[in-house]
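Here this note's numbering is used: the first residue of the sequence shown is 1, the next is one more, and so on.
Simulated from the structure, these hints should not be mistaken for laboratory data.
Every residue, glycine too, gets a C-beta built ideally from N, C-alpha and C.
Take the hints with a grain of salt, since some may be wrong.
Simulated restraints, written as ranges between beta carbons of each label pair [stated by the list, open to error]:
1. VAL383 x THR88: 23 to 31 Å
2. THR88 x GLY301: 37 to 45 Å
3. THR148 x ARG380: 39 to 47 Å
4. ASP64 x PRO182: 55 to 63 Å
5. ARG295 x ALA150: 40 to 48 Å
6. GLN290 x ALA227: 29 to 37 Å
7. SER26 x ALA150: 46 to 54 Å
8. SER96 x ASP370: 29 to 37 Å
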Amino acid sequence: MTTATTPTTETTAITNIGSLVTNDPSLGAGPLGLIQDAAVVVDGDRIAWVGESRKAPATDNAVDAAGRAALPGFVDSHSHLVFAGDRTAEFNARMSGQSYSAGGIRTTVAATRAATDEELEANLLRHVREALRQGTTTLETKSGYGLTTADEARALRIAAAHLDEVTYLGAHIVSPDYAADPEAYVALVTGEMLDACAPHARWVDVFCEKGAFDGDQARTILEAGRARGLTPRVHANQLGHGPGVQLAVELGAASADHCTYLTDADVDALAGGDTVATLLPGAEFSTRAQWPDARRLLDAGATVALSTDCNPGSSFTSSVPFCIALAVRDMGMTPDEAVWSATAGGAAALRRTDIGRVAPGARADVLLLDAPSHVHLAYRPGVPLVSAVWQRGVRVV
Numbered sequence: 001m002t003t004a005t006t007p008t009t010e011t012t013a014i015t016n017i018g019s020l021v022t023n024d025p026s027l028g029a030g031p032l033g034l035i036q037d038a039a040v041v042v043d044g045d046r047i048a049w050v051g052e053s054r055k056a057p058a059t060d061n062a063v064d065a066a067g068r069a070a071l072p073g074f075v076d077s078h079s080h081l082v083f084a085g086d087r088t089a090e091f092n093a094r095m096s097g098q099s100y101s102a103g104g105i106r107t108t109v110a111a112t113r114a115a116t117d118e119e120l121e122a123n124l125l126r127h128v129r130e131a132l133r134q135g136t137t138t139l140e141t142k143s144g145y146g147l148t149t150a151d152e153a154r155a156l157r158i159a160a161a162h163l164d165e166v167t168y169l170g171a172h173i174v175s176p177d178y179a180a181d182p183e184a185y186v187a188l189v190t191g192e193m194l195d196a197c198a199p200h201a202r203w204v205d206v207f208c209e210k211g212a213f214d215g216d217q218a219r220t221i222l223e224a225g226r227a228r229g230l231t232p233r234v235h236a237n238q239l240g241h242g243p244g245v246q247l248a249v250e251l252g253a254a255s256a257d258h259c260t261y262l263t264d265a266d267v268d269a270l271a272g273g274d275t276v277a278t279l280l281p282g283a284e285f286s287t288r289a290q291w292p293d294a295r296r297l298l299d300a301g302a303t304v305a306l307s308t309d310c311n312p313g314s315s316f317t318s319s320v321p322f323c324i325a326l327a328v329r330d331m332g333m334t335p336d337e338a339v340w341s342a343t344a345g346g347a348a349a350l351r352r353t354d355i356g357r358v359a360p361g362a363r364a365d366v367l368l369l370d371a372p373s374h375v376h377l378a379y380r381p382g383v384p385l386v387s388a389v390w391q392r393g394v395r396v397v
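Work out the full structure, taking the sequences as your base and the hints as a guide.
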């Protein structure tokens with residue numbers, strides 16, 4: 001995520017932090033590396049020093065946290081923000097218990113194709129700013145609502161102008177234009193469309209699910225993207241049991257996202273590999289679906305990330321704090337685990353070591369809560385607790 005603000009070269013100390021989450025056990029207590037009565041020194045766009053407030057070195061500027069809790073900026077490693085249109089009617093019908101056969105992703109595809117570049121960019125930036133106000137300092141986002149070569153390429157071009165983490169998702173669903181010939185669409189996604197999109201993306205993703213792409217099609221798409229230098233991610237096992245998680249681990253995907261329906265073999269694969277299990281509770285909340293079992297994954301030793309899945313259909317929230325509260329209430333996570341997964345876990349899902357922690361050398365992405373502890377993110381759900389945000393060393397909230 002980028003902003004128009006130029007990072008300062010001055011040093012700033014954030015002092016009198018009641019409780020600081022560093023995510024570095026060498027700096028403080030427990031897996032979160034907690035430091036009480038802490039301070040953080042920012043030099044340019046990096047963290048220069050972390051420790052007890054009374055030991056903080058002299059700096060050009062100082063900010064008194066007044067006992068508030070501080071933690072790394074949230075890392076939202078799964079979103080779909082390049083879109084147009086609205087699916088209120090679909091949500092209302094679903095929440096009213098009515099069947100809803102029309103609409104879905106195809107509704108957003110039609111609206112996105114009809115939108116101008118300026119409209120898509122304005123909508124993207126509106127959601128980026130909305131997320132930033134809630135503490136998200138790193139965002140991944142995907143294409144997937146154009147499903148033509150030109151529309152997918154422009155979605156990625158628009159996203160890449162504002163975000164560091166951009167994913168090619170031409171394989172979101174089979175384009176309505178190819179409904180009678182899915183294999184021809186796979187050929188497009190792995191050929192002409194990939195050629196146009198690869199220069200604008202870091203990742204390649206596929207929705208491996210019944211009704212979208214099967215295991216063989218997903219493998220073909222991911223291997224083609226990998227051959228073009230894109231690292232795989234997979235929408236896996238959201239709607240039912242399937243090959244997505246196993247395929248993600250086999251191909252060395254950075255993440256398998258959703259992970260709602262898992263066999264013991266799926267859990268073992270995630271625990272034994274480097275693929276992060278990214279859980280997206282906003283989707284289950286918005287569809288009244290089965291919750292992912294985070295406890296099962298964590299107990300097995302898998303690395304878990306929490307993200308919003310912000311999209312206009314199945315999870316229209318940009319609030320990581322909301323997802324933290326859901327994960328604690330309904331997915332078996334402790335507050336500490338949920339906060340770690342929404343920061344360091346998201347960084348792991350993006351294979352980043354410069355974000356998701358507050359430690360010397362890390363990017364200076366820090367947020368203050370209007371609360372004495374990070375536990376309040378789950379303890380006080382729905383309350384706007386984020387009181388200040390530094391992104392790349394610049395205070396932006």
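Structure versus earlier hints - violations, ascending order: none
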